[in-house]
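Start from the sequences, fold in the hints, and give me the full structure.
Going down the list, the protein sequences come from chains A and B. Per my numbering, the first sequence runs over residues 1 to 180. Per my numbering, the second sequence runs over residues 1 to 180.
Treat the hints as calculated values from the structure; they're not laboratory data. Remember, predicted model here, so these are calculated numbers, not experimental data. Just so it is clear, CB atoms sit at the ideal spot from N, CA and C, and this is done for glycine as well. Be careful, since some hints might not be right.
Below, a list of computed lysine to any residue pairs in the SDA-like style, where the Cα atoms sit at most 20 Å apart [what the hints assert, rightly or not]: (1) A/57 with B/57; (2) A/57 with B/116; (3) A/141 with A/120; (4) B/57 with A/155; (5) B/57 with A/120.
Covered stretches of chain B (in silico footprint by chain A; criterion: 3 or more residues with CB under 8 Å from a CB of chain A, positions within the stretch not fixed) [what the hints assert, rightly or not]: (6) 70-77; (7) 129-136; (8) 161-168.
There are 2 protein chains.
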Amino acid sequence: MEVTAIRSSAAPAVGFVAGDRILGIDPGLRLTGYGCLELRSRHDEPRVTDAGVLRLKTGAPMPYRLAELFDDLTGLLDELRPRLMVVEQLFSHYRHVRTSILMGHARGVVLLAGQSRGIEIGELLPTEVKKAITGYGHATKLQMQQAVQAQCRLTELPSPPDVADALAIALVAARRLERN
Amino acid sequence: MEVTAIRSSAAPAVGFVAGDRILGIDPGLRLTGYGCLELRSRHDEPRVTDAGVLRLKTGAPMPYRLAELFDDLTGLLDELRPRLMVVEQLFSHYRHVRTSILMGHARGVVLLAGQSRGIEIGELLPTEVKKAITGYGHATKLQMQQAVQAQCRLTELPSPPDVADALAIALVAARRLERN
Chain A
1 MEVTAIRSSA APAVGFVAGD RILGIDPGLR LTGYGCLELR SRHDEPRVTD
51 AGVLRLKTGA PMPYRLAELF DDLTGLLDEL RPRLMVVEQL FSHYRHVRTS
101 ILMGHARGVV LLAGQSRGIE IGELLPTEVK KAITGYGHAT KLQMQQAVQA
151 QCRLTELPSP PDVADALAIA LVAARRLERN
Chain B
1 MEVTAIRSSA APAVGFVAGD RILGIDPGLR LTGYGCLELR SRHDEPRVTD
51 AGVLRLKTGA PMPYRLAELF DDLTGLLDEL RPRLMVVEQL FSHYRHVRTS
101 ILMGHARGVV LLAGQSRGIE IGELLPTEVK KAITGYGHAT KLQMQQAVQA
151 QCRLTELPSP PDVADALAIA LVAARRLERN
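This is the structure in structure tokens:
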């Protein structure tokens, strides 16, 4: 399986058609946000089909939480059958090394889940997503929620912010795909 | 399943008997060291049954490497059937946040593999293992290899160092178990 890195500098994935689904994932050990978009014609914005969060038992031991995340996410992939899963690329913006390690645990399990289902996997930098959605690479959580609500034409503010972030990732990826 | 944290301060796991196997794991994205010990009677040191490294394709995309690590490790667990898997506890000793995140990916997949096979999982700090094996919490790789060779009565120096580290983790865990 080829993994396509969807970055400004990289060659975008090709061959996507209306009806294909793009799943955005914002991984975490407490909440993992997801947002699924369906591509439409070249001139229409993609349509939100599903969005929400996977909640893990915060008091449970780490291996248990990781297994729960893996099971929940593979269940979601089996149900939604996205053609592409796009995940936030972690970078050195965490203040604490401990946080980075723990986030790495969750993200590793998310990538493994995608790979186990043979789904193409892309990555986008958080700042890149924020800039594309709000025009500003350091947008606040609320600014992201409001921008996603408007651009996805949602009747309510997507909440918690993890859902907005996941939808934003999927939206940026989908727009880049549709340009081809 | 209960996960036992094997730390100086925590209550050690109980009910282990001669013949039970302890698998030490030193996780990494290039090499993951493993070392398996079999417990013997209360007065004998445990015996090394298997040791080696799982090598991942370094040029391959991350999801592919993580899936390879998961498959290799679950294969090893199915073959060795350890009663306890002990993994190095990551801590903030990495200089680069990026390294911590990447190590976290591998470690998350290792914990998931153990959990998927219903194996009890323990953690030990690298400094704690080094101190218990060499008397010095900041021992070099070579010092660790030499100490493990002597204490496991191996005819050759365990190499690469990842193997020695994995055996050391298993040995420290096994000694603590056997005290009960």
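Check: How about the segment 70-77 of chain B: do at least three of its residues have a C-beta closer than 8 Å to a C-beta of chain A?
Finding: violated (count 1)
Notebook entry, point to check: Has the given pair, residue 57 of chain B with residue 155 of chain A, been kept, meaning a C-alpha gap of at most 20 Å?
Noted result: violated, 47 Å
Check: Are the Cα positions of residue 57 of chain A and residue 116 of chain B separated by 20 Å at most?
Finding: Cα-Cα ~17 Å, so holds.
Note to self: Next pair to validate is residue 57 of chain B with residue 120 of chain A; report whether the Cα-Cα distance is within 20 Å.
What the structure shows: Judged against 20 Å, a Cα distance of about 19 Å means the pair holds.
Item checked: Coverage claim, chain A over the segment 161-168 of chain B, checked by counting residues with Cβ within 8 Å (three needed) -> Per the Cβ count (0), the hint is violated.
Check: Hey, residue 141 of chain A versus residue 120 of chain A, does the alpha-carbon distance stay inside 20 Å?
Finding: violated, 28 Å
Notebook entry, point to check: Counting residues of the segment 129-136 of chain B whose CB is closer than 8 Å to a CB in chain A, do you get three or more?
Noted result: Answer violated; 0 residues pass the 8 Å Cβ test.
Margin query: What's the verdict on residue 57 of chain A and residue 57 of chain B, does the C-alpha distance respect the 20 Å limit or exceed it?
Written below: violated, 34 Å
Of the numbered hints given earlier, the model fails hints 1, 3, 4, 6, 7, 8; all others are met.
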